[in-house]
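Chemist: Residue strings, one per chain:
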Amino acid sequence: MRFEFVQPSALQEAMQFLASHQDEAAILAGGTDILVQVKQKKRLPKYLVNIKGVSGLDGITYNGQGLRLGALTTIRTIETSPIIKEKYPVLAEAAATIGSVQVRNRGTLGGNLCNASPAADMAAPLIALGATARILGPQGERTVSMEEFFAGPGKTVLGPGEVLAEVAVPPPSPRSAGAYIKLGPRKAMDIAVVGVAAVVTLESQGDRCRDVRIALGSVAPIPLRAKKAETVLRGQVVSYDLAVTAGHKAMEEASPITDIRGSAEYRRDMVGVLTRRAVLRALEAART
Amino acid sequence: MAFSVVGKGLPRIDGASKVRGGAVFGADVKLPGMLIGVFLPSPHAHARIRHIDTYRAEGLPGVKGVVTAQDAPSLRYCTPAYGPSLCDRTFMARSKVRYFGEPVAAVAAVDEETAREALSLIAVEYEEIPAAFTIPDALLPDAPLVHEELLSYQGVGREARGNIYLQRSAARGDVSRGFTESDFVFEHTFATPMVHQSYVEPHAMVAAVDDAGRATVWTTTQAPFNIRSDLATILQMPLSQIRVVPLEVGGGFGGKLFTTLEPICLLLARKARRPVRMVMSREEEFLIARPRAAVTARLKTGVKRDGTLVAREGEFYFDTGAYQGAPVSFGVRFGLGPYRIPNAKADAYGVYTNKVSAGYFRAPGAPQVTFASESQMDIIARELGIDPWEVRWKNAWEEGDESVTGERMGRIGLKKTLEEVRRRGMWRADREVGRGRGLACGQWYTGGGATSACVTIYEDGTVGLLTGAIDITGSRTGLVQILAEELGVAPERIVVPVPDTDTIPWTGETSGSRITYGGGAAVLQAARDVKGQILGLVAEKLEVSAEDLELGGGRVYVKGSREKSLSLGEVALAAQGTKVGALLGWGVVGRLSPAPVFATQVAEVQVDAETGQVEVLKLGGAQDVGFAVNPLSVAGQMEGGMAQGMGYGIMEAMIFFRGKVENPNFADGKVPTAADVPSMATAIVEEPSDGPLGVRGVGEMPIVPTAAAIANAIHDAAGVRIRELPVTPERVVAAVKEKRG
Ligand SMILES: Cc1cc2nc3c(=O)[nH]c(=O)nc-3n(C[C@H](O)[C@H](O)[C@H](O)COP(=O)(O)OP(=O)(O)OC[C@H]3O[C@@H](n4cnc5c(N)ncnc54)[C@H](O)[C@@H]3O)c2cc1C
Numbered sequence: 001m002r003f004e005f006v007q008p009s010a011l012q013e014a015m016q017f018l019a020s021h022q023d024e025a026a027i028l029a030g031g032t033d034i035l036v037q038v039k040q041k042k043r044l045p046k047y048l049v050n051i052k053g054v055s056g057l058d059g060i061t062y063n064g065q066g067l068r069l070g071a072l073t074t075i076r077t078i079e080t081s082p083i084i085k086e087k088y089p090v091l092a093e094a095a096a097t098i099g100s101v102q103v104r105n106r107g108t109l110g111g112n113l114c115n116a117s118p119a120a121d122m123a124a125p126l127i128a129l130g131a132t133a134r135i136l137g138p139q140g141e142r143t144v145s146m147e148e149f150f151a152g153p154g155k156t157v158l159g160p161g162e163v164l165a166e167v168a169v170p171p172p173s174p175r176s177a178g179a180y181i182k183l184g185p186r187k188a189m190d191i192a193v194v195g196v197a198a199v200v201t202l203e204s205q206g207d208r209c210r211d212v213r214i215a216l217g218s219v220a221p222i223p224l225r226a227k228k229a230e231t232v233l234r235g236q237v238v239s240y241d242l243a244v245t246a247g248h249k250a251m252e253e254a255s256p257i258t259d260i261r262g263s264a265e266y267r268r269d270m271v272g273v274l275t276r277r278a279v280l281r282a283l284e285a286a287r288t
Numbered sequence: 001m002a003f004s005v006v007g008k009g010l011p012r013i014d015g016a017s018k019v020r021g022g023a024v025f026g027a028d029v030k031l032p033g034m035l036i037g038v039f040l041p042s043p044h045a046h047a048r049i050r051h052i053d054t055y056r057a058e059g060l061p062g063v064k065g066v067v068t069a070q071d072a073p074s075l076r077y078c079t080p081a082y083g084p085s086l087c088d089r090t091f092m093a094r095s096k097v098r099y100f101g102e103p104v105a106a107v108a109a110v111d112e113e114t115a116r117e118a119l120s121l122i123a124v125e126y127e128e129i130p131a132a133f134t135i136p137d138a139l140l141p142d143a144p145l146v147h148e149e150l151l152s153y154q155g156v157g158r159e160a161r162g163n164i165y166l167q168r169s170a171a172r173g174d175v176s177r178g179f180t181e182s183d184f185v186f187e188h189t190f191a192t193p194m195v196h197q198s199y200v201e202p203h204a205m206v207a208a209v210d211d212a213g214r215a216t217v218w219t220t221t222q223a224p225f226n227i228r229s230d231l232a233t234i235l236q237m238p239l240s241q242i243r244v245v246p247l248e249v250g251g252g253f254g255g256k257l258f259t260t261l262e263p264i265c266l267l268l269a270r271k272a273r274r275p276v277r278m279v280m281s282r283e284e285e286f287l288i289a290r291p292r293a294a295v296t297a298r299l300k301t302g303v304k305r306d307g308t309l310v311a312r313e314g315e316f317y318f319d320t321g322a323y324q325g326a327p328v329s330f331g332v333r334f335g336l337g338p339y340r341i342p343n344a345k346a347d348a349y350g351v352y353t354n355k356v357s358a359g360y361f362r363a364p365g366a367p368q369v370t371f372a373s374e375s376q377m378d379i380i381a382r383e384l385g386i387d388p389w390e391v392r393w394k395n396a397w398e399e400g401d402e403s404v405t406g407e408r409m410g411r412i413g414l415k416k417t418l419e420e421v422r423r424r425g426m427w428r429a430d431r432e433v434g435r436g437r438g439l440a441c442g443q444w445y446t447g448g449g450a451t452s453a454c455v456t457i458y459e460d461g462t463v464g465l466l467t468g469a470i471d472i473t474g475s476r477t478g479l480v481q482i483l484a485e486e487l488g489v490a491p492e493r494i495v496v497p498v499p500d501t502d503t504i505p506w507t508g509e510t511s512g513s514r515i516t517y518g519g520g521a522a523v524l525q526a527a528r529d530v531k532g533q534i535l536g537l538v539a540e541k542l543e544v545s546a547e548d549l550e551l552g553g554g555r556v557y558v559k560g561s562r563e564k565s566l567s568l569g570e571v572a573l574a575a576q577g578t579k580v581g582a583l584l585g586w587g588v589v590g591r592l593s594p595a596p597v598f599a600t601q602v603a604e605v606q607v608d609a610e611t612g613q614v615e616v617l618k619l620g621g622a623q624d625v626g627f628a629v630n631p632l633s634v635a636g637q638m639e640g641g642m643a644q645g646m647g648y649g650i651m652e653a654m655i656f657f658r659g660k661v662e663n664p665n666f667a668d669g670k671v672p673t674a675a676d677v678p679s680m681a682t683a684i685v686e687e688p689s690d691g692p693l694g695v696r697g698v699g700e701m702p703i704v705p706t707a708a709a710i711a712n713a714i715h716d717a718a719g720v721r722i723r724e725l726p727v728t729p730e731r732v733v734a735a736v737k738e739k740r741g
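Protein sequences, first through last, are from chains A and B. Position 165 of the first sequence, counting from 1, maps to 165 under the working numbering, and the rest follow consecutively. Position 605 of the second sequence, counting from 1, maps to 605 under the working numbering, and the rest follow consecutively.
Chain B with its partners taken away, still in its complex shape:
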């Protein structure tokens, strides 16, 4: 099929307004009489709250409201959309604090300075108690319990014990027999740190309550409907009394999926009877937002002499911090790699520690476990003297193969991505002294959450698109392309306002790279709906059969005769006088089956063995995207993912000392600068899925294999294997020293 709009690299339709500063973000919302809200962070990682005295703070001139957990019903909640529905969370610390920074009280005042001064007047009596800071600490038999009452929480699983709140497992074949039948068995442990998403825009929100008690919350979020339901649960308000208005998202990467300060902000607004704005400082972002979980992985793998995988067993410990939220099940799903393994077993555990509560970050869980699994594949290849590419090729999934969780592969593009990195010369044998190349494969999936969309035609021919799908990646440009293609209009003729929870039916959060997939299906459905109405009306008007009509250039033509036509505007106007009334198409798609996604990446590095400094010279990736609706956006996502993956590989980490983040800023919370990002090459593979136009999710995949590819390249260059991220200069030097003895 020949397309005229999809498949083209259109620039982002939201680009200009963001570059010029016109786009409205959370902190841009200003209401008359608005107050500034701030919260009091816990100064302890684990302590009982004996008493909170807010009297003096309330008395400070300019203070209009002070709240603590006592101002809301005493309950624990969870966000069911993010499974496991273990309700362990309170919106504010109630009887004890479980991590350093946990909000204990909050103040709304006429300005930030007054609000912060008021915080210093709140007297909290704490009783410090022993804490568990790391996974090993938390797993000790007599470890302090982060949640003493875990077993009484709603939704707790039978596997919960001590600080383990969740276990997910899967197996096929018989691993112990598999290890016996193997020529070689490899066993290693790998570790990855907690990492913040480092989006540019911090969490920012405004809450206001009207005379009738109805609340509106403007916020930067990937999940307005989940925030609405969380607010209803936490504050025990009817859903109908809450409107959540999502704003432009200045970077989310999963970090903006969760309810953070919204309930506090709303409570303050209610108490002060004035709108309240809360904007996290960068430090607060590091203290209380929801970073990527740290993971410790143990992998045991049995292979034949020729590199064929016989058995693989993985144990993945996810450090979730103080509340559940680590993507434990993804450890099982992705931890063993995209390979044919007859005997496989994966167990993943969610472990509480006294640290900030982890959440989701671009392909939650996958970069962690892929670092482990792909580092070990590299070790195996090198030990066996086989090319790392060959080992992957030999074992890579093809159509019909099954994962440890029983997922059966349909048409997939994994092997094509492997072919592509070789064909394009990203993976090659030659190299210069001191340099090295590393390869890694990775897998992810396309989430299938529900989406609503609505298309209407204005009487001047403008096409209005409303969708509940929040755009964090440029997805709305792709949706516009799909709609433009279907209706035969120029993309510039389409307007896409961002609706809120009052104006669009329920739509799932933006996660799992699902917007062009599920959202695309909803838009296509809505487009076809409205198209049917257009054709019906025009057929009647021109007295032809609808089959003889076609759309193009914003008009409806009679096939073969270009003279007989009506513009879409004319059709919309005509509709007003008929029983059609208005042209309005609806699309609602429910849960779609998840389409698997694969990528192969190659890193080229130079290592200074004396200082340990690693320079990433090149990154190249091939990714199966099903169908590239917008190749420019696809390349942008791939490059962005690799850049972020590089940060994860060599510099990013939240450094904790006794539960306290020691680098809560961008001076010491290192992320790559533009100067650090190397030249990148991207190769798009298109193995169609069953989704709209054959698309697969794009956004998350590219971050998955990068850190492993870089670590493998470092080994290639310097002969040292670093099994803990990030691969800092210091770790490289220590490994070089150890190797030299």
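Bound-form chain A, shown alone:
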């Protein structure tokens, strides 16, 4: 394993370097994904471009327009941020399920998303929250919704020289809440066998569900939004049975594979169970 360590001091410089060394360079943020891949020889970049020194990719801001999370925000920061815990507890909940404290201290949000694992624990809740990715590149800036950010296992829509700069989450609607449920054999240090996020928004009065967004992890080539399951619930007063039906729809939308972490059959079954549970839990939280 041998690579050159590049340390740009400005974002512009980083992007230029990346653009001119397209297939040979990779971004290094926390390194908890990429360094493992390099050691296992799954990726052999000639240059690792450390972006931790460039300004403008860090920090959390919250105002009337919602939440902005710099790509370099660590998972641990998301887990422990008071404003996130107050306004978007589902994000803190999801962050807390990642690896260990050590991993969360190093790992970044940008890394989690750009690594584009179908199991990335931050992806499903961000899709369910309707988040968008702000991308900077040699051609300027563009914005992509989180659910369109992933292109396949290990693939995103980022083009040559493009960098994920920040993730924006719209302000939480009144009477809305989310839930993220991750299944794995252990209480820590596990990659999700299945992960389901749901965000439910109720009408200003009553029990009718004004909007709902559901996203599934580890059961498709990308973190997947379960639109059919949402349709079952949107505009309805959600009963237990309706949540079960939504779970069944989500099972149809998932396309899991069998691997050593779980069989396709088990994963599909769990999509049903976890979707129902996540919806009901979010619903319960939205009511209060």
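No wet-lab data here; the hints were simulated from the structure. Computed from a prediction, not measured in an experiment: that's the story for all the values here. There could be a bad hint or two in this list.
Claimed, not checked - Ranges between beta-carbon positions, derived for each pair:
#, chain 1, residue 1, chain 2, residue 2, range
1, A, D259, B, G59, 52 to 62 Å
2, B, P43, A, A264, 24 to 34 Å
3, A, H248, B, D430, 31 to 41 Å
4, B, A675, A, R287, 24 to 34 Å
5, B, E432, A, S100, 22 to 32 Å
6, A, F5, B, R424, 27 to 37 Å
Stated by the list, open to error - Simulated crosslink set (DSBU-like; lysine-lysine; CA at most 30 Å straight-line):
#, chain 1, residue 1, chain 2, residue 2
7, B, K737, A, K228
8, A, K227, B, K737
9, A, K187, B, K30
All C-beta atoms, glycine included, are put in the ideal place defined by N, C-alpha and C.
With chain A fixed as given, assemble chain B with the ligand onto it according to the hints.
Modeler: Structure of chain B with the ligand alone, referenced to chain A:
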């Protein structure tokens, strides 16, 4: 007898240096000019080696040596200490590879990167041949043979046939009559997977050869003398030309009993004429180290309506992988459970498959067969509507009972452990919805291998203890306590360097929970020896009779008169000027009779019937330890054993696909994290053995019943019986679905 040092929970004397990073492990040894060695693993589970071309690798700059099996005499070996002495093993693949990962060649180079690059330049021509991956595959009449020439191997038994290399059997009474006389007969099959010991420190070693050709091997091992004899056999060197230096062991659990890469490392050092270090990567650990054998067990049990056992028959198939080493005889010894069974029969078979070669893992064989036997005891209790505790109580061994192998029980503590789990409220009837409790008993023994020890007194009163007994559990703290007690010195006054095969007489490997037992006996003997010398000398000096003297506080006193005394340092100094010269006590004990050990454990779980997830809420265990020299260490061993047993119960397994380990890492080779380990309660039972201070082995016992207790608790909670380990969420869900129809 009132003790002042033994029986106290002293912190481990090696603790601080390990926590601070000062302790020296295998990978810490660095010698001038040292090279890095790596091996080429076989990419096939079963293939003939047509040709190996190392020419290009040898030519790579930085490469200092390349070896293959051709660099050593062509022979098959075995390690006699680990019985059966069937010599089927080669230190490297010679004419064919029998498992995925088997070392085929090795390289020493100036750094690891160069060495690994050289491996990629070695061209091996293989011819793949059909393989047998599982026990059923291997037992088919026309199964591919893992060892075609088995019948010509040295030490092969008459029972060897096909892929079965070993059979062990025992019987008493008449099982078929017993089944006829039973009110009910139960028959089930159980299965357990191969599991790696998952110690933190991988195998690590350094080999160097001096000008005269004498070799030194520094290595992480539980068995330095066995490594020395294996090296002598494999490389056909005189024993006197080999020194093995054992280092601190960063976890062994039986996995470090065996010679692994040492012969390769030494050959490389010889060829390169420079010291060579080899450290296994985690993946290599899973590929070539020696995990716990997979077992398939069939148990047939006949009982009376009231739960009395009438007959039990067990068949245990041990999947040993490519070479012998599975603990087959323990299947017979422990497979039927610690119960009075008038008609009993046990047969255990060792079966070759094209997988990594199995070895020993904490109480080898017992967790596997106990999962089967204790799961079935639970099934029986529930079918008969009897409390699972009562069924055990009714049948549990007492003094005078005899096992299927003819072992007659002396004073044993099995029933006391049963009493204890009830008395402490670990086993009780009440429970919450979705939760369940499971109980299991288990047995193990205390091994009695030989140990040497030597005690000397420095002229400042320091006591030096040398013993060949390798410490993998904190045993040296207990030995120090025994010595401190006997000599009346503070434990801090004792130093315990780790000697090597040149500096201490032969000592058996650290296995069978035997160190405080056999090692304790040797230390006690050495202590008494030196004590006799001390008393003799002081009696002469103070002109009193030796009987009037006593030791305490690092001094020797005249009983009743505290003024007349000498410090141990003064005695040692005085000895220098007499014909005694130096105070030196020796203790050598040979094979001791094995002391039986028993435990009862209770698991409390919560089961999510929809996702199949099992949360182990509590584990409680009562164990007969004979005498707790260090109750803190005992509790530590019990907790560690239960935690490891829990991993075995619900998550650990080496997953194979066509002979290849699919999860050779800690991301997918699951072991419990600290967060997964539940609250644990430990109850110490002390029914003295015939050993020193009445001790019995402690370290292995606690892993034995845990998986069964958890599986029984899962049944209690969710009504499903999983007869294959680990009890994964997926298996629970499948069973729940099947039950609902
Ligand atoms: C022991 C362990 C346990 C783990 N457990 C979990 C878990 O439970 N759940 C989970 O989801 N993940 C887990 N991970 C994976 C990993 O820790 C997370 O995905 C983490 O968030 C990655 O962030 P990073 O900053 O370390 O990424 P890096 O490794 O630095 O980068 C990952 C990828 O993203 C690219 N990249 C990084 N930042 C940007 C950017 N701003 N713009 C464009 N591309 C970028 C890199 O080039 C690389 O391809 C675990 C990893 C380890 C080692």
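Chemist: Of all the hints given earlier, name the ones this structure violates by number, lowest first.
Modeler: Of the numbered hints given earlier, those the structure breaks are 1, 6, 9, listed in rising order.
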